[in-house]
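K.L.:
Residues per chain, in single letters:
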Amino acid sequence: MLIATTVALLVVMCMALARALLGPTIYDRILALNMFGTKTVLLISVICFLFGRPEFLDVALVYSLINFVSVIGVLRYFEYDAAVRERAEHD
Amino acid sequence: MIENAVAAISGVSLALGCLLMLSGALGLLRFPDFYTRMHAAGITDTLASFLIICGLMPMAGWSLALAKLGMILLFIFFTGPTASHALARAAQLGRPALAVDGQVDAGVVEEVGSAAVEVEPDSGRI
Chain X
1156 MLIATTVALL VVMCMALARA LLGPTIYDRI LALNMFGTKT VLLISVICFL
1206 FGRPEFLDVA LVYSLINFVS VIGVLRYFEY DAAVRERAEH D
Chain U
1056 MIENAVAAIS GVSLALGCLL MLSGALGLLR FPDFYTRMHA AGITDTLASF
1106 LIICGLMPMA GWSLALAKLG MILLFIFFTG PTASHALARA AQLGRPALAV
1156 DGQVDAGVVE EVGSAAVEVE PDSGRI
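Order-wise, the sequence lines are chains X and U.
First residue of the first sequence: 1156, per the numbering used here; consecutive thereafter.
First residue of the second sequence: 1056, per the numbering used here; consecutive thereafter.
Calculated directly from the structure, the hints in this document are not laboratory data.
Treat the hints with care, since some could be wrong.
Examples of chain U residues toward chain X, derived with CB under 10 Å [said to hold, decoys possible]:
no. : residue
1   : MET1056
2   : ILE1057
3   : ALA1060
4   : LEU1069
5   : MET1093
6   : MET1114
7   : TRP1117
8   : PHE1130
9   : ALA1138
10  : ALA1145
All of these numbers come straight from a predicted model, not from anything done at the bench.
All C-beta atoms in this analysis are idealised placements derived from N, C-alpha and C, irrespective of residue type, glycine included.
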């Protein structure tokens, strides 16, 4: 059952990458990366149980922390970018 | 008796988690518009992750691994909606740059912030 979950996770990650490549706007790409990140966390957790190594769960936890911070960081950059341009247009 | 109960619970929830994840990822690819894709991604991020980690929990039994899985679950539970909110707000702020969503998929407005398309933003909003 764990192997089936791993395969499903890998398929979903490939789909997320496909959306990241295809995505017309920047925000689709960020959405796909965010989803890819959470799937990586799940993949590490499932592999941890597959190999019977409980210390992998720390890796998964840290990865979910980093994933969240990076998504917010990238969004902050683009939000600032759009806002500056908007102000420039109105002035 | 306990073993196959544990195996049954984890098997069923893992299977459900995989099913939801695949359907969400399919939705992410096929939906026409950015905001509908966010809904599809939201499903996989929250419910599918919840089901898969709940499927792993009985395998861990009463141990430190169970506590760590609980931590991961708690963290995904809190950061998922926050990240989606930040993403939707940023997309909404960049609205003039995105122009009309229908048009966006035709690749008219490729990068963020090109003011080339003189379309008032609310036309064509679904």
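K.L.:
Confirm or reject each hint.
P.N.:
Hints versus structure:
no., hint, verdict
1, MET1056, "19 Å, violated"
2, ILE1057, "17 Å, violated"
3, ALA1060, "15 Å, violated"
4, LEU1069, "5 Å, holds"
5, MET1093, "6 Å, holds"
6, MET1114, "6 Å, holds"
7, TRP1117, "13 Å, violated"
8, PHE1130, "5 Å, holds"
9, ALA1138, "5 Å, holds"
10, ALA1145, "4 Å, holds"
Hints 1, 2, 3 and 7, counting from the list given before, are not met by this structure.
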